[in-house]
Amino acid sequence: MNRKKVGQVTPEESYEIQILFERRNGLNELAKIVTADNTELYEKLVKDLGETGSKFQNWWDRMADKYQWESAENGNWEINFETCEIYLVTM
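1 is the number of the first residue of the sequence shown in the working numbering; add one for each residue after it.
Each statement offered as a hint is correct.
What follows is a list of derived Cβ distance ranges for each label pair:
no., residue 1, residue 2, range
1, E40, E82, 35 to 41 Å
2, A64, I19, 17 to 23 Å
3, I19, A72, 22 to 28 Å
4, S54, V34, 19 to 25 Å
5, K55, E85, 17 to 23 Å
6, T35, N74, 34 to 40 Å
7, Q18, E40, 28 to 34 Å
8, L41, N2, 40 to 46 Å
9, T35, K66, 39 to 45 Å
10, K5, K44, 37 to 43 Å
11, K4, A36, 39 to 45 Å
12, N74, K5, 16 to 22 Å
If you are wondering where the hints come from, they were derived from the structure by calculation, not from laboratory data.
We put the CB at the ideal spot given by N, CA and C, even for glycine.
Whole structure, please, built from the sequences with the hints as guidance.
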């Protein structure tokens, strides 16, 4: 696995994606214990996961467009929340 620094975001932008990252992780953990038997909670969880996933992807799309980060076919970007640095990770 290779990691290459390709950019940086502002602390505000980093905070925005960190909130979404933590929310998505929390929802994924909740999804492991919520069953479809609890229809109301299950439907809310599925909806929230979808919305959070979309916001998460939209952030990456917006920032990639704004900052013109290098990309790779089999790569993905990662952020260091402390330094606000963006890395391209390839296998």
